[in-house]
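Asks: Sequence:
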Amino acid sequence: MVNNKELVPIMNIIKSFELMYGVVFLMEVIDDHYVYRYISPEAKELASLDESFLGKQLNEVYPDYISDHLSSFYNEAKETRKPVVVEDKLNMELTDEVARLVIMPLIQADDELTYFISYTERTRSPKEATVDLVTGLPSYHLFVSKLKEKLQIADSNPIALCYLKLRQIKRNEEGRTKEIDQAVFIAELTKRILNILPEKESELARVVGDELVCFFSTKHDAVALVKELQQVISIPFSVDGMKLVMETAVGVSFQEVGTKSELSLLNEAYHAMLQAKQEKGNSVKVFDMNRQTEVMRSKPHLVHELKKAIVNKEFVVYFQPIVNAATGGIHYEALLRWFSSKLGPVPPDAFIMAAEESDFIQEIDLWVIEKVCEHVANSHEELRYVSINLSIKTFQSTELEKKLLAACSKHGIDPSFIELELTEHTLLEDEQLLIEKLGCLRKLGFKVAIDDFGMRHASFNYLRVLPVDKIKIDKAFVQNLKRNSKEHHIITSILTLAKKIGVRVTAEGVETVEQAKMLVDASCDELQGYLFGKPAPNEIVHKASKQAREQWSSLL
630 MVNNKELVPI MNIIKSFELM YGVVFLMEVI DDHYVYRYIS PEAKELASLD ESFLGKQLNE
690 VYPDYISDHL SSFYNEAKET RKPVVVEDKL NMELTDEVAR LVIMPLIQAD DELTYFISYT
750 ERTRSPKEAT VDLVTGLPSY HLFVSKLKEK LQIADSNPIA LCYLKLRQIK RNEEGRTKEI
810 DQAVFIAELT KRILNILPEK ESELARVVGD ELVCFFSTKH DAVALVKELQ QVISIPFSVD
870 GMKLVMETAV GVSFQEVGTK SELSLLNEAY HAMLQAKQEK GNSVKVFDMN RQTEVMRSKP
930 HLVHELKKAI VNKEFVVYFQ PIVNAATGGI HYEALLRWFS SKLGPVPPDA FIMAAEESDF
990 IQEIDLWVIE KVCEHVANSH EELRYVSINL SIKTFQSTEL EKKLLAACSK HGIDPSFIEL
1050 ELTEHTLLED EQLLIEKLGC LRKLGFKVAI DDFGMRHASF NYLRVLPVDK IKIDKAFVQN
1110 LKRNSKEHHI ITSILTLAKK IGVRVTAEGV ETVEQAKMLV DASCDELQGY LFGKPAPNEI
1170 VHKASKQARE QWSSLL
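Per the numbering used here: the sequence shown = residues 630 to 1185.
Don't take every hint at face value.
Simulated pairs of lysine-lysine, DSSO-like, Cα-Cα distance not exceeding 27 angstroms [unchecked claim]:
no.	residue 1	residue 2
1	K673	K685
2	K1000	K1066
3	K1128	K1076
4	K1146	K1115
5	K906	K872
6	K1072	K1128
It is worth saying that the hints were derived from the structure and are not from the lab. In this text the structure is predicted, and so the values were computed from the model without any measurement.
Take the sequences, apply the hints, and build the full model.
Replies: Printed below as a string of structure tokens:
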């Protein structure tokens, strides 16, 4: 909240706007940066923001391509010292609703401009319209419905989705520029686009303003088709004696049938378009999950969305098979997956890191423990023994033993069915406390394993002093495994020592038959990796077990 006395009159204005519009922000300009000073309750929910964002600049809250997009509107209001009205989507996650964003510069008595009030006014609901009046195309809402239907057709071709942002270059005979009525050139350009798109398995719609979306089957060369679209859009045409040239920023996302929702696909293409928009001229960007991962790692939005993930049932436990190298027996490691309604599928290394840096990781760990116990209780055979990863914060909790026993008791399973994995780099510095905690868990009946073994200088000391049942050799050693290589000698040394002290060994990251055979020859106890199966949902664990056993049998 804003408490500065000089802002009291401004806050009175803001409260009035809240009553009318709900979604209201107060921004302060400091050294050409725009800083959040107030966020209304409705805005917090809609924009996935909270009190922690107050005092932060746009470029601290959003990745560059989004903060630049938003800053451009504030820059215009700052330069013209007049309200700026922008028709846009209701938030960055591409909801179906369209809104009018109004940015009002607050010019003070001394002619200084320090603050802006921005508010969002819902202009229409696409669900109420079937035709876009500007272009005559189906409405955006109908487009989304058709996209959803297309994705649900099991035998249809995979599709590409393009999000187009039109940028006009206006020239008259003297080379001066002036604004052209948007409806005039949008209508002309949609005709050109329709002539290029395939007649079948394609759709086009106007989202808002000068933004269009289309999808088509990827049996066509998507990038080549986008280039062709840009070429026909760039052909000059005249309006009222003025030569008009258009450029486009295009974001592209690809969909394999059944792997993404329609809104996730649209969201990806939208973010790719904003990245393309940062470049001059015609530009194309294909959605890059790796880049998006880096964005999510660095921004507080992830933590905000994490807090809602359990309530919204966005987490799913997947299971990856671990094969007994001697018998072919199968047990599983539980791995958490997050399918966010706003962010789409979020890579585990991104959200686990964010959760560990907040206090939310313990709640997530306890949810996983509860879900795993539930799955084990309902499984006839396949999930009789499951490994669960614990964060160091959860491990340090004085409530851990109590929570574990409560979950086992609730679902009627024996603690021996559960193995608790601790990553080596998170182990406590207090060696004695660590020994006592691990010993207590083992006395209660739980198995204990050290994950990512071998990545720290103290690895062999841990093996000497810690009361554990198993160590898991880090995949970095396995991926480079060749006979008589350094990795081969290190792994065989670990296996020899572990066998002498009665500790089982699992090799992680096994991806080739050659790796598996070398590990079996070296008497490794268990094998885990894509060779035997990727993480899979509970519903297909039986199928995953069968495939893992078949792969093991082929090694004999």
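Asks: Next step is simple, just say for each hint if it's right about the structure.
Replies: So, going through the hints one by one against the coordinates:
{"no.": "1", "hint": "K673 <-> K685", "result": "14 angstroms, holds"}
{"no.": "2", "hint": "K1000 <-> K1066", "result": "23 angstroms, holds"}
{"no.": "3", "hint": "K1128 <-> K1076", "result": "17 angstroms, holds"}
{"no.": "4", "hint": "K1146 <-> K1115", "result": "17 angstroms, holds"}
{"no.": "5", "hint": "K906 <-> K872", "result": "23 angstroms, holds"}
{"no.": "6", "hint": "K1072 <-> K1128", "result": "22 angstroms, holds"}
Violated hints for the displayed structure: none, as all numbered hints are satisfied.
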